[in-house]
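Position chain B relative to chain A; hints supplied.
Chains A and B supply the protein sequences, listed in that same order.
In terms of the numbering used here, the first sequence opens at residue 1 and continues consecutively.
In terms of the numbering used here, the second sequence opens at residue 1 and continues consecutively.
Hints were generated in silico from the structure; no laboratory data involved.
Keep in mind that a hint or two might mislead.
[To be verified] With a Cα cut of at most 35 Å, we get these calculated DSBU-like pairs of lysine-lysine:
#	chain 1	residue 1	chain 2	residue 2
1	A	K114	B	K273
2	B	K218	B	K181
3	B	K273	B	K218
4	B	K243	B	K218
5	A	K76	A	K39
6	A	K309	A	K294
7	B	K273	A	K76
8	A	K246	A	K39
9	A	K324	A	K76
10	A	K114	B	K181
11	B	K181	B	K273
12	A	K132	B	K273
13	B	K181	A	K39
14	A	K324	A	K309
15	A	K294	A	K246
16	A	K324	A	K246
17	A	K309	A	K246
18	A	K324	A	K39
19	B	K273	A	K39
20	A	K114	A	K132
21	A	K76	B	K181
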Amino acid sequence: MNQAATLDRTATGPTATVSAAGDTIIDVQGLSVSYGAVKAVRGISLQVRSGEIFGIVGPNGAGKTTTLSTIEGLIKPDSGTVTVMGFDVRQHTDDVQRKLGISLQTTAFFDNLKCWELVRLYASMYEVFLTKTQVVEMLSRFELAEKANALSSQLSGGQQQRMALVLAICNDPQIVILDEPTTGLDPQVRRAVWDIVRELRAEGRTVLLTTHYMEEAQELCSRIAIIDRGEVIALDTPGRLINSLKADNLISTSVHFPEDEVQAIPSVTGVRWDGGRLLITSRDPRDTVFALQKLAVEHHQVLTDLTVKQPDLEDVFIALTGRKVE
Amino acid sequence: METFAQTSVQTRSGSASLRRFWLLLQADFLMYIRNRAAMFWVILFPIGLMLVLGAIYGNQTDGAASGSVTAISFITPGLIVLSLMSSGLIGNSSVMAQYRERGILRRVQTTPLPVQHLILARIGMQSTLSVGQAALMIIVSILVFNARYETGGLLEAIPAIILGSIVFMALGQAIAALVRKVDTVQVVAQAINFPLMFLGCLWIPVSALPDWLQEVSKFLPSTLVAILVRTPMISSVDLVALKIQPDVALPICVAGLFVYLIAAIVVSARFFKWS
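Okay, chain A solo, but in the shape it has when bound (with noise of 0.2 Å):
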């Protein structure tokens, strides 16, 4: 798969632009969409460099989708430009379609088509002409060989999410869109969607991906666009977005400490009851931690029932907003 992607890449032709993993590979600048009176996207601008798994994350209606499909040229933008590739999406559409895989939020299986004929027939749409073999090939990478002669419609939730990602690189693209690519989905399939991103990425490809979960952001993604109402009011790796809250860490148990003698350890920064449970903020839960194992035994109590929260990316947005994703 590979070969066949760095094939693909001297194929394109002496106006294409072979990108380094860390280069620019898709630059948006300044973007603006509307539809009618709403503006949907405010001049937004970010890049997505080679190799990396970028997220645009934020609520439902911030603007995700939209920048998406701009991106893959389906949407004429107000103002601003996307570059793919070092190809102007409006002026070279073909060209960059091409390059990208995508899968969007409904699956858009054609009815009556064995999974196999499926893949073939997206693919031929790029001009990429697959054996069968080829295709149950790339079928069993998603675990679905065996339903390589099962009409789509037979397919469970997660093999159709599994399946919407095998439509996403039949073409063997250099970047992958995926818009929301686990919405709806259990836990356990969220991560193997998860697993098959890393994959994807491990083979040299840029993924581009939204998602309203910040807890996916913060797990999958190199890097994040946090966008809301339009526009991006973060980007950054998300090690770095949290770091910059320099927001304590929430310990919380229900044993019955002495307040005052908690509000005493160096490291805690405010002590507070909330249902019935003690909540502590630190900015050093370790010590904290090892210092209310003493109170405790000081007290002839066991420590049961103790809970550390790092801040995390739905920190992030709450202190950059001032309300929840949902």
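Below, chain B alone, put in the same frame as chain A:
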């Protein structure tokens, strides 16, 4: 994976484009023959109707000079047109609306395949199959009811069947462009199909219609296709004198169908919606 690499390299040549179209045709064919509802309405329903109408009127002769031509020979060409309407007007409009509603058109829009190719392949597949469907109906009418046709006329009917199929497919396309939801598209298509079926001289002779409806009938695409298909098939009979079908000359029928075709294409292109 060498072979995969090699195949993926050959892009943007004319032959690749042709091969892509051929695969589209193949896929359309597979989807069509696996669609049981379409099979029922396009093949079994017209044949069933033929068996019923044939049992009722089959052996009636026209009473005129053409002693050997029975009613089934008038009815079968009309049922061929009915089948064209089922697959075109009703079938194509709902398939296109489904493609749109289920995001298939959007997905195709993200590929380098021009959507016109997707539509043309469907029309190509359908118009080809329509000849086979017609042949099947003709064979049944001959075997079961001893129907008689002009051998040369059967060949002349082929281009008429293909033209009719294309016109009804295009009209179905236009309906799908004008109406958004699958459910509504099906209702609208049925509502248009209904008068075309009863006023199109398919199995009800034009003489059975009130005068003003006889005038309307002359302008319906179903009538025009029925005249084009039926006339050569039983050319020994004067269908106008017998008031089976209205008096519209064959070139006028062709011209009229082209007006419908062009109008349908203009409407489809103007109001096409991706999603």
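Results of checking the hints against the structure:
no. : hint            : in the structure
1   : K114/A - K273/B : holds, 27 Å
2   : K218/B - K181/B : holds, 31 Å
3   : K273/B - K218/B : holds, 32 Å
4   : K243/B - K218/B : holds, 12 Å
5   : K76/A - K39/A   : holds, 13 Å
6   : K309/A - K294/A : holds, 21 Å
7   : K273/B - K76/A  : holds, 15 Å
8   : K246/A - K39/A  : holds, 33 Å
9   : K324/A - K76/A  : holds, 31 Å
10  : K114/A - K181/B : holds, 26 Å
11  : K181/B - K273/B : holds, 11 Å
12  : K132/A - K273/B : holds, 33 Å
13  : K181/B - K39/A  : holds, 26 Å
14  : K324/A - K309/A : holds, 17 Å
15  : K294/A - K246/A : holds, 27 Å
16  : K324/A - K246/A : holds, 19 Å
17  : K309/A - K246/A : holds, 14 Å
18  : K324/A - K39/A  : holds, 22 Å
19  : K273/B - K39/A  : holds, 21 Å
20  : K114/A - K132/A : holds, 11 Å
21  : K76/A - K181/B  : holds, 25 Å
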